[in-house]
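Read top to bottom, the protein sequences are chains U and V. Using the UniProt record's numbering, the first residue of the first sequence is number 1, and each one after it goes up by one. Using the UniProt record's numbering, the first residue of the second sequence is number 1, and each one after it goes up by one.
Each hint should be verified, as a subset may be incorrect.
Cβ-to-Cβ under 7 Å is the rule here; a few derived chain V residues that face chain U [said to hold, decoys possible]:
id, residue
1, 29
2, 35
3, 74
Source of the hints: derived by calculation from the structure; they are not laboratory data. All C-beta atoms in this analysis are idealised placements derived from N, C-alpha and C, irrespective of residue type, glycine included.
Now for the letters of each chain:
Number of protein chains: 2
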Amino acid sequence: MPYFDAASAAPLHPVARQALQASLDEGWADPARLHREGRRARLLLDAAREAAAEAVECRPDELVFTPSGTQAIHTGISGALAGRRRVGRRLVVSSVEHSAVLHAAAAWEAAGGSVTEVGVDRYGAVSPDAYAAELGTTTALACLQSANHEVGTEQPVREVAEACRAAGVPLLVDAAQSLAWGPVDGHWSLLTGSAHKWGGPAGVGLLAVRKGVRFAPQGPADERESGRSAGFENIPAIVAAAASLRAVRAEAADEAVRLRALVDRIRARVPELVPDVEVVGDPVRRLPHVVTFSCLYVDGETLLHELDRAGFSVSSGSSCTSSTLIPSHVLRAMGVLSEGNVRVSLPSSSGTSGTSGTSEEDVDRFLEVLPGLVAGVRERFGAPATTSASAVSPEVSESLVVDALGRRCPIPVIELAKVIGDVPVGGTVTVLSDDEAARLDIPAWCGMRGQEYVGERGAERGAAYVVRRLR
Amino acid sequence: MPYFDAASAAPLHPVARQALQASLDEGWADPARLHREGRRARLLLDAAREAAAEAVECRPDELVFTPSGTQAIHTGISGALAGRRRVGRRLVVSSVEHSAVLHAAAAWEAAGGSVTEVGVDRYGAVSPDAYAAELGTTTALACLQSANHEVGTEQPVREVAEACRAAGVPLLVDAAQSLAWGPVDGHWSLLTGSAHKWGGPAGVGLLAVRKGVRFAPQGPADERESGRSAGFENIPAIVAAAASLRAVRAEAADEAVRLRALVDRIRARVPELVPDVEVVGDPVRRLPHVVTFSCLYVDGETLLHELDRAGFSVSSGSSCTSSTLIPSHVLRAMGVLSEGNVRVSLPSSSGTSGTSGTSEEDVDRFLEVLPGLVAGVRERFGAPATTSASAVSPEVSESLVVDALGRRCPIPVIELAKVIGDVPVGGTVTVLSDDEAARLDIPAWCGMRGQEYVGERGAERGAAYVVRRLR
Numbered sequence: 001m002p003y004f005d006a007a008s009a010a011p012l013h014p015v016a017r018q019a020l021q022a023s024l025d026e027g028w029a030d031p032a033r034l035h036r037e038g039r040r041a042r043l044l045l046d047a048a049r050e051a052a053a054e055a056v057e058c059r060p061d062e063l064v065f066t067p068s069g070t071q072a073i074h075t076g077i078s079g080a081l082a083g084r085r086r087v088g089r090r091l092v093v094s095s096v097e098h099s100a101v102l103h104a105a106a107a108w109e110a111a112g113g114s115v116t117e118v119g120v121d122r123y124g125a126v127s128p129d130a131y132a133a134e135l136g137t138t139t140a141l142a143c144l145q146s147a148n149h150e151v152g153t154e155q156p157v158r159e160v161a162e163a164c165r166a167a168g169v170p171l172l173v174d175a176a177q178s179l180a181w182g183p184v185d186g187h188w189s190l191l192t193g194s195a196h197k198w199g200g201p202a203g204v205g206l207l208a209v210r211k212g213v214r215f216a217p218q219g220p221a222d223e224r225e226s227g228r229s230a231g232f233e234n235i236p237a238i239v240a241a242a243a244s245l246r247a248v249r250a251e252a253a254d255e256a257v258r259l260r261a262l263v264d265r266i267r268a269r270v271p272e273l274v275p276d277v278e279v280v281g282d283p284v285r286r287l288p289h290v291v292t293f294s295c296l297y298v299d300g301e302t303l304l305h306e307l308d309r310a311g312f313s314v315s316s317g318s319s320c321t322s323s324t325l326i327p328s329h330v331l332r333a334m335g336v337l338s339e340g341n342v343r344v345s346l347p348s349s350s351g352t353s354g355t356s357g358t359s360e361e362d363v364d365r366f367l368e369v370l371p372g373l374v375a376g377v378r379e380r381f382g383a384p385a386t387t388s389a390s391a392v393s394p395e396v397s398e399s400l401v402v403d404a405l406g407r408r409c410p411i412p413v414i415e416l417a418k419v420i421g422d423v424p425v426g427g428t429v430t431v432l433s434d435d436e437a438a439r440l441d442i443p444a445w446c447g448m449r450g451q452e453y454v455g456e457r458g459a460e461r462g463a464a465y466v467v468r469r470l471r
Numbered sequence: 001m002p003y004f005d006a007a008s009a010a011p012l013h014p015v016a017r018q019a020l021q022a023s024l025d026e027g028w029a030d031p032a033r034l035h036r037e038g039r040r041a042r043l044l045l046d047a048a049r050e051a052a053a054e055a056v057e058c059r060p061d062e063l064v065f066t067p068s069g070t071q072a073i074h075t076g077i078s079g080a081l082a083g084r085r086r087v088g089r090r091l092v093v094s095s096v097e098h099s100a101v102l103h104a105a106a107a108w109e110a111a112g113g114s115v116t117e118v119g120v121d122r123y124g125a126v127s128p129d130a131y132a133a134e135l136g137t138t139t140a141l142a143c144l145q146s147a148n149h150e151v152g153t154e155q156p157v158r159e160v161a162e163a164c165r166a167a168g169v170p171l172l173v174d175a176a177q178s179l180a181w182g183p184v185d186g187h188w189s190l191l192t193g194s195a196h197k198w199g200g201p202a203g204v205g206l207l208a209v210r211k212g213v214r215f216a217p218q219g220p221a222d223e224r225e226s227g228r229s230a231g232f233e234n235i236p237a238i239v240a241a242a243a244s245l246r247a248v249r250a251e252a253a254d255e256a257v258r259l260r261a262l263v264d265r266i267r268a269r270v271p272e273l274v275p276d277v278e279v280v281g282d283p284v285r286r287l288p289h290v291v292t293f294s295c296l297y298v299d300g301e302t303l304l305h306e307l308d309r310a311g312f313s314v315s316s317g318s319s320c321t322s323s324t325l326i327p328s329h330v331l332r333a334m335g336v337l338s339e340g341n342v343r344v345s346l347p348s349s350s351g352t353s354g355t356s357g358t359s360e361e362d363v364d365r366f367l368e369v370l371p372g373l374v375a376g377v378r379e380r381f382g383a384p385a386t387t388s389a390s391a392v393s394p395e396v397s398e399s400l401v402v403d404a405l406g407r408r409c410p411i412p413v414i415e416l417a418k419v420i421g422d423v424p425v426g427g428t429v430t431v432l433s434d435d436e437a438a439r440l441d442i443p444a445w446c447g448m449r450g451q452e453y454v455g456e457r458g459a460e461r462g463a464a465y466v467v468r469r470l471r
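Just need the whole structure built from these sequences, with the hints factored in.
Structure, rendered in structure tokens:
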């Protein structure tokens with residue numbers, strides 16, 4: 001049963017499991033104690049810190065372990081902002097950061113700070129120049145992910161780090177998605193990571209703060225982890241995390257080549273096999289194991305369930321999945337189609353220990369079942385056939401209004417597609433919708449269909465989206 | 001090699017280990033995902049929450065898991081204070097709370113709140129009346145531990161909870177030390193615990209907030225754990241924590257009887273075997289597995305090392321251990337001797353799985369080696385013989401000044417003891433000392449020796465402690 005959601009969490013690496021077992025016996029005591037059990041725990045913690053620091057390319061005394069990547073981000077951002085309070089209160093982030101970063105930014109704003117979001121291009125990448133332009137004299141901290149968690153696009157971290165350096169602004173890099181593949185290139189000031197993304201156990205994040213970076217930990221004092229992470233150290237998990245980081249790095253070069261070929265195959269084949277699909281994210285500057293695409297006229301949650309029933313575990317940034325009513329902020333920032341969104345992230349194999357990662361056969365089978373599943377979902381939703389937009393209806397009227405109020409994605413887009421042939425070329429269709437996804441998906445549909453998106457008007461309820469038929 | 005520091009951390013319970021192993025395979029995925037791995041993880045998390053809630057005696061939806069007991073306390077306190085911001089800004093705590101509580105209180109004070117510390121008696125317990133008297137109309141939150149972590153004294157939680165209820169003030173109970181032994185008696189509003197204290201793994205704390213208690217989580221938003229604990233859920237460890245809590249509870253009644261007998265033996269025998277020892281903490285209302293005593297004229301760190309070399313792992317609240325220069329705040333609040341302090345906390349055995357806990361033989365051997373080790377340390381520090389205070393020196397002068405500036409405990413007290421015989425009955429000895437422990441230990445010495453502690457005067461450096469010879 002292929003698991004294609006490694007970017008959410010990866011199964012425990014065999015090396016992590018071995019290290020965890022061993023250190024459950026050796027590393028359970030309080031490392032602050034002077035007795036032999038405490039000293040033994042301290043030795044394990046020190047060794048893990050050295051191994052992790054080597055992988056991150058920092059000094060051991062610059063790195064602390066936190067209970068999660070999320071907490072590493074929260075602590076790193078709040079500590080760096082407080083450390084540079086005198087410089088200013090501005091925080092610069094990209095618009096496609098992980099929600100942990102954006103939530104920390106929102107908390108900072110609520111506490112009276114200011115936040116500047118740097119937009120991204122259609123591939124999800126910031127422009128170094130645009131980023132640099134936002135670094136003023138009052139910026140306390142800048143944040144940029146090493147690579148995007150939803151679409152796999154790598155960010156120009158080295159260039160942005162240079163710009164930050166020139167402006168005297170510390171840069172925090174959220175490296176959660178990329179640490180398995182290698183250290184972060186460029187002169188970052190703070191760096192965060194999360195062990196369960198690289199085959200380590202849950203319960204371990206890491207935060208590196210370069211010497212010389214002003215840093216003032218917030219919250220109640222706690223002497224552990226240099227005062228930067230409160231609570232009893234989770235040494236067995238930390239040891240396992242460090243061991244698995246080292247192990248995945250040893251396998252990274254080979255696995256990257258192998259998975260990149262599989263991802264390229266998906267990127268190339270899906271649009272050939274499935275009509276009306278948009279593959280998103282940078283085709284070249286990307287993580288080796290992540291590929292994301294969106295399917296027009298498809299409900300993301302239904303497609304996920306169908307894939308799950310067929311044995312494939314994927315995730316989705318569609319608004320129609322899980323509890324949220326709004327599409328992923330990443331897809332919104334990129335301005336790409338969000339409906340029927342599927343993220344495929346392939347787990348690595350750990351060659352030395354015989355765990356099978358993603359195989360060619362898994363990917364082949366995925367490509368085999370996907371077209372039928374998408375077609376089935378579209379049929380169920382009454383989606384128009386791919387060619388319907390150019391058909392001319394017998395009853396032509398200059399403009400039409402489609403009331404899709406109260407209908408969730410992908411219905412508003414489907415309704416639009418059904419009637420576009422009912423207006424003449426040059427005529428307009430106005431879609432009334434109160435579904436947040438429509439704001440993203442109607443313009444995206446226009447792009448895919450060669451129709452003109454005129455714009456959005458206010459309406460009594462929801463919004464009115466105006467589309468002009470061009471062909 | 002007997003490990004007598006269970007109150008710091010207990011070795012992993014065999015049941016916890018089994019549960020951890022099993023859930024490493026089943027519980028590594030993201031429980032927010034809709035695919036089968038995510039659903040399986042969610043089921044494990046839900047089951048663990050139910051088991052833990054049952055042990056804590058609350059509803060499952062009142063309980064969240066945190067990455068540590070410390071974070072449960074920090075989150076519980078900050079959330080409850082924020083939830084009752086309109087009522088007032090006063091936080092009431094006992095003076096012998098765990099440092100996690102006192103650090104959260106200090107952070108609250110630094111942020112403009114006010115903190116009232118309720119003192120304790122010589123056994124380390126608060127008086128319910130004294131506690132109740134501090135609950136005014138502007139108190140947002142009260143905190144009281146179920147039992148003290150350093151001396152084992154149980155607090156009158158039920159009575160204090162009643163007083164809090166009458167005053168309309170929510171009570172947060174830090175139950176870290178007692179949850180292994182049973183649920184907390186009384187109508188608490190919030191409760192915190194820490195798995196590694198009950199034989200669970202590190203990396204798991206719990207926070208229960210009763211329905212109806214106003215609670216506003218602080219810090220960046222995060223949808224997991226009811227918005228009360230940020231970061232990826234550590235499900236394997238949570239499952240192990242819940243399983244071991246259930247397991248230790250099943251064994252608690254028998255183990256309590258067994259360990260209480262061993263502790264009573266230590267409490268009775270140590271003062272018989274070792275001269276000039278003060279056993280501290282309530283003799284009856286106490287945790288079954290903790291006993292603490294202090295040895296006059298002894299350096300805590302040296303004694304710890306000697307015990308460690310003899311195979312016994314204990315901890316100490318002496319100032320002369322670890323990096324701190326001040327004695328434990330618990331011993332200070334109790335007003336008892338802090339030098340040569342030793343806490344013995346006995347691990348439970350897990351009968352069903354054959355792990356050996358503390359045996360009678362371990363305790364016997366401890367009682368066998370302790371007197372010689374204490375005598376050795378005293379000799380090394382040049383401590384006076386037990387009877388020296390009543391000897392009369394040939395050169396009698398009405399008052400003497402002993403300069404112990406720059407000397408660390410136990411030297412100031414040893415110097416005092418050496419010269420008390422050099423003044424006549426009614427005469428005084430003034431000890432100049434800049435060691436924080438002297439403030440506690442000189443009055444304690446007077447109590448043990450039947451001499452009068454006159455008081456403390458300011459001095460150019462440190463303080464001057466005046467003692468009058470009475471016998």
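These are the hints, each one checked on the structure:
{"no.": "1", "hint": "29", "verdict": "holds, 5 Å"}
{"no.": "2", "hint": "35", "verdict": "holds, 3 Å"}
{"no.": "3", "hint": "74", "verdict": "holds, 5 Å"}
Going through the hint list in order, the structure satisfies each hint without exception.
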